Structures are given as structure tokens and as C-alpha cells.
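The whole structure should be built from the sequences, with the hints applied where relevant.
If you want the building blocks of each chain, they are given just below.
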Amino acid sequence: GENVEQHPSTLSVQEGDSAVIKCTYSDSASNYFPWYKQELGKRPQLIIDIRSNVGEKKDQRIAVTLNKTAKHFSLHITETQPEDSAVYFCAASTGNQFYFGTGTSLTVIP
Amino acid sequence: GAVVSQHPSWVICKSGTSVKIECRSLDFQATTMFWYRQFPKQSLMLMATSNEGSKATYEQGVEKDKFLINHASLTLSTLTVTSAHPEDSSFYICSASQASGGGKRPTQYFGPGTRLLVL
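In the order they appear, the protein sequences are chains U and W.
The opening position of the first sequence corresponds to residue 292 in the working numbering, with each subsequent residue numbered one higher.
The opening position of the second sequence corresponds to residue 18 in the working numbering, with each subsequent residue numbered one higher.
If you're looking for bench data, these hints aren't it; they were derived computationally from the structure.
Bear in mind the structure is a predicted one, so any value in this text is a computation, not a measurement.
Using N, Cα and C, we set each Cβ at its ideal position, and we do this for glycine too.
Mixed in with the good hints, there may be bad ones.
[What the hints assert, rightly or not] Some chain W residues judged to face chain U by a derived CB distance under 10 Å, without partners named:
id	residue
1	VAL21
2	GLN77
3	PHE108
4	SER114
5	THR124
[To be verified] Here are the computed distance ranges between Cβ atoms for each label pair:
id	chain 1	residue 1	chain 2	residue 2	range
6	U	ASN344	W	LYS58	44 to 52 Å
7	U	GLU330	W	LEU93	20 to 28 Å
8	W	ARG132	U	SER396	13 to 21 Å
9	W	SER35	U	THR301	22 to 30 Å
10	U	GLU370	W	SER32	47 to 55 Å
11	U	GLU306	W	LEU93	39 to 47 Å
12	W	PRO103	U	GLN351	41 to 49 Å
13	W	LEU85	U	GLN305	42 to 50 Å
14	W	LEU134	U	GLU347	39 to 47 Å
15	W	LYS31	U	GLN351	46 to 54 Å
16	U	GLY332	W	LEU85	36 to 44 Å
Here it is, written out as C-alpha cells:
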């Protein structure tokens, strides 16, 4: 099955700086890559996603890049704010199943 | 966005009893529902994928006789933890997905989760 790896597991940044989280996947059939934000005790929330026919997608301070050849994709958060502090998960999907990365705990220091 | 509910949100039970968790899609028909297990500060581990009207597909290492999944309708899936033991204590989250055909992205919507504590 699919194997999704995510790095780093923890990340601390100063408010206003950028944060980058990277994921790799193994199944070349995966064609949909969502990113989720999960605050403590709450359900994961979709924050951005990208399909395999697109190399980059941006939504305000959040952007995702995908390198299909290398099988890796990244989440970029610019101008970080304290409310960005949470656990972020990447996922890879073939459309039928979703496999999650191990998560990155992001702390934005005011 | 689409809403998925999960019930109960909290359950404490004695070892050896069975616990049923319900997952409902409230405003859309979910062709597929997923069940995840999440340990503290860890990722979501996919347990099984269930499609309405057919048997669930379990991930490797997940006991199908231990975790019974029933997807009775396009809006309801249930997970029953049978003969629960303390090591089954965890956070169980379901998600529901709409059909991904026609160029639509296979978006999944998460339930709020069920925290199970087995004494």
C-alpha cells in the first residue's frame, strides 16, 4: 500500500516567519494530496489540497507544491501567526483511500 | 461544507464489553466512509474503508472480528469494538467521502471523533 512520510515532526518558528513541511509518498497512482490542520482535541480540517495535474497551488498565506516525478509535496505557510499553531497532516490518495503522514506539530512563537 | 457527525463523543466502558460508534453524513450521501484510530500526538491510522452495501476493506493488522464495521446506508456507518480491552482505548475518527467521479476531488469530511476509554 501507500507509504507517506512527513518531516519534520516538530517545528517552531517565530511569528511572521515562514514554515515548510515536506511529505513523500510511494504509490505513483496517488493523484490527490490534501493537507489537514488539527487542533488539540478537534477533528482534522482540510486547509488546502492539490491534484497531480497541478504543480503548485496557493491560497492566501498557504501554498502547496507537488513534484510528481520525485513523489514529494510540501506545505508552505508564510507570515505565520500564533493561531497557525497546530498539528498538520499531509495525505495521499488514489481516490479510494487516504493515507496520512505522521504529522508535524507546528508552534508559532509570538 | 459538508457535515459529518459522530456519536458518542465520549465513552467509558468496562473491559469485555462492546461499544458501538456511529458516523453519519448529515447533508450529503457518502459513498465511502473511513475509520481511523489516533493515538495521542500521533497520526491518523486508517483502520478500514467501508462502502455502502458491501463489506469493509480492512488495513493490514486490523482485526476484522474485533472491529466490526457496518455501512448500512449512504449516510450511516458504524464501528463496533467487540470485547473491548484497555489497549483499545483511543480516539476513533470517521470520515465520509463523496463520489470522486466526473473530475471532482475525492474530498473527505471528518467527524468530531469518539474518545474511548476501556477500564
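Here is how each hint holds up against the structure:
1. VAL21: holds (8 Å)
2. GLN77: holds (7 Å)
3. PHE108: holds (9 Å)
4. SER114: Hint on SER114(W): holds, closest Cβ of chain U at ~8 Å, below 10 Å.
5. THR124: holds (7 Å)
6. ASN344(U) - LYS58(W): 44 to 52 Å: violated (35 Å)
7. GLU330(U) - LEU93(W): 20 to 28 Å: holds (27 Å)
8. ARG132(W) - SER396(U): 13 to 21 Å: Given a distance of about 20 Å, which is inside 13 to 21 Å, the answer is holds.
9. SER35(W) - THR301(U): 22 to 30 Å: Given a distance of about 37 Å, which is not inside 22 to 30 Å, the answer is violated.
10. GLU370(U) - SER32(W): 47 to 55 Å: With Cβ atoms ~50 Å apart, the hint holds.
11. GLU306(U) - LEU93(W): 39 to 47 Å: Hint holds: Cβ distance 44 Å, inside 39 to 47 Å.
12. PRO103(W) - GLN351(U): 41 to 49 Å: This hint holds: roughly 44 Å between Cβ atoms.
13. LEU85(W) - GLN305(U): 42 to 50 Å: With a Cβ separation near 48 Å, LEU85(W) and GLN305(U) satisfy 42 to 50 Å, so the hint holds.
14. LEU134(W) - GLU347(U): 39 to 47 Å: With Cβ atoms ~43 Å apart, the hint holds.
15. LYS31(W) - GLN351(U): 46 to 54 Å: holds (49 Å)
16. GLY332(U) - LEU85(W): 36 to 44 Å: violated (26 Å)
In this structure, the earlier hints numbered 6, 9 and 16 are contradicted, and the remaining ones agree with it.
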